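Asker: Sequence:
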Amino acid sequence: MMAGQGSRVEGQAREGAGVSLDPRPLTLDCRSDFPILSQRVNGRRLAYLDSAASAQKPRAVLDAMTAFQETAYANIHRGVHTLAERATVAYEGARARVARFVGADDPAEVVFVRGTTEAVNLVANSWGAANLKPGDAVLVTALEHHANIVPWQLLAGRTGLRLIPCPVTDAGDVDLAAWERLLDAEPVKLAAFLHVSNAIGTVNPAREMAAMARARGARVLVDAAQAVVHLPTDVRALGADFLCFSGHKLYGPSGIGVLWARRELLEAMPPWQGGGDMIRSVSFAGTTFAEPPSRFEAGTPAITEAVGLAAALDWLEGVGIERAAAHERGLVEEALARLAELPGLRVIGTPRERAAVISFVMDGVHPHDVGQLLDEEGVAVRVGHHCAQPAMERFGVPATARASFAAYSDAEDVEQLVRGLGRVREIFA
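Count the sequence shown with the working numbering and you get residues 167 to 595, in order.
These are calculated hints, taken from the structure and not from any lab test.
Keep in mind that this is a model prediction, so the values were computed, not measured.
Take these hints with a grain of salt, some might be off.
SDA-like, lysine to any residue: derived pairs with alpha carbons at most 25 Å apart [stated by the list, open to error]: (1) Lys355 <-> Leu320; (2) Lys355 <-> Ala337; (3) Lys299 <-> Ile202; (4) Lys299 <-> Arg206; (5) Lys299 <-> Arg347; (6) Lys299 <-> Asp350; (7) Lys299 <-> Ala344; (8) Lys299 <-> Leu321; (9) Lys299 <-> Trp438.
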C-alpha cells in the first residue's frame, strides 16, 4: 500500500476489519516525510512526543501550501479574475475533501473555523443561544477539554441552562450507567462529549453514548479533535448532530478547523458573527444572510490553511488511518511496558481502550521538571493540566507529563523517552 510521498509501510500484515492481525508490530517508516524531525535538539535526535498538542506537518502539506501561495493565492468567491477563481476552486475543493473524510454527503454541511474551540463556541452561541432555555441541561463528561466546558458555562450565565458532568471511573472510562441515569433524570437537550481524551487517552464509546442521547431526544455534539487522526470517522454512523476538529491535530496547519453539522440544523441556526461573505444583502434598513456554510464564515477565511488541511487528509489516508493507529498502538503498548519498570512512575488512567496518549507522574518530581529534563535529552512532551483541569482533579493530580504518539513516531522515540526518564529518576533519587 502506498504510504504517501516519500514513505513506506514495512512488515507483513493480514487485515481484518481494518486491524493488523500480524503478531509482529506494524511499523510505519514515514518519519522522513517530516522535515522538522531531521533536526537535533540540545545535541540529541528529536523525539517529538507532543503530537496530541499539535502534530508536525509532512512535506506534502508544506509543499501544497507553498504552491498555492506561489500560483493561486487571492481572496475567494466574488472575484472574477483568474487567481480569484483558482483560489475559490481550491478552497471549496478543500471543503468537499473534508466532507468525504468525515463521511458527509453534502459539502455545505462543512463550516470552516479556526479550530475545535471556535467550532464549539459557534454551536453554543448560535444553536445553543437559540434553543436552550432556563433549566435545560447540557450533559458532558468529567474528561472534557476546557473548550467543551467554558462555552457552555458562559452560555449558562446568559440563559440559565445547567451544565452537568457525567462521572468517570477510576480507570478513566465514562461511567455509562451514570450517563444513562443522567439522560433519564435530567432535561438534557444536548449531549456534548469528546471521542478521545487529550488528557489520558481514553477512547469513549461515542456511538453508544450518542445513541443513548438521541433515543431521549437530545442533540449530540462530538469533540473529535483527538479522534479523527487515530480513528476512521463517519458522522452518520456515529450519530452526531455536530462534530468538531482541528487541522493541526492531524498533520495540517493551525488556524483551520471544522464544524460539521446536519444541514437542517445549520439552516435553522442564526449567524454568530457578522461581516463580509456571510450576507445575501445589506442595507441600513436590515440585512439578510447567506445560506450555510457561508452564513457562518464571516470575513476572509484561512484560505491557504484550508488547502493545507486537504493535503493533510490526502497524506493521512495515503498512509491509512487504521495502519497508523495499529502502529501507534504498538508503540503505546511498548512504552507502557517499559514505563512500568521505572520506580516511582505512575500512569494516569487504565481505560478499556486507549488512543496514542500516556499521561504520567513521577514521585517527588514536578511534571515541569520532568519536561525540562526530557528536553535536554531531545524528548518533547507536554506538561501541565492539558486544558482539562476537572479531569486532573478527578485523578487527584494538579498536572501530569504527557507523551503522545503519531504516525511518525518510532521505537527509538520510546527508547529515548525511557532513557530520559531514567535520568530524571537518577537526578531526583
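Asker: If a hint holds in the structure, say so; if it doesn't, say that too.
Answerer: Results for each hint:
Of the pairs offered as hints, the one joining Lys355 and Leu320 holds, with about 17 Å between alpha carbons and a cut-off of 25 Å not exceeded. As the CA atoms of Lys355 and Ala337 are separated by approximately 28 Å, the hinted pair breaks the 25 Å bound. The suggested pairing of Lys299 with Ile202 is violated, with an alpha-carbon distance near 49 Å, which exceeds 25 Å. Between Lys299 and Arg206, the direct Cα distance comes to roughly 55 Å. Violation of the 25 Å bound is thereby established for this hinted pair.
A C-alpha spacing of about 22 Å is found between Lys299 and Arg347, which places the hinted pair at or below 25 Å, so the restraint holds. At most 25 Å may separate the alpha-carbon atoms for a hinted pair to count; Lys299 and Asp350 meet this at roughly 18 Å. Distance check on the hinted pair: Lys299 and Ala344 sit about 24 Å apart at the alpha-carbon level, within 25 Å; holds. Proximity of Lys299 to Leu321 is assessed by CA-CA distance (about 10 Å); at most 25 Å being required, the pair is judged to hold.
Only pairs whose Cα atoms come within 25 Å are accepted, and Lys299 paired with Trp438 is accepted, the gap being roughly 18 Å.
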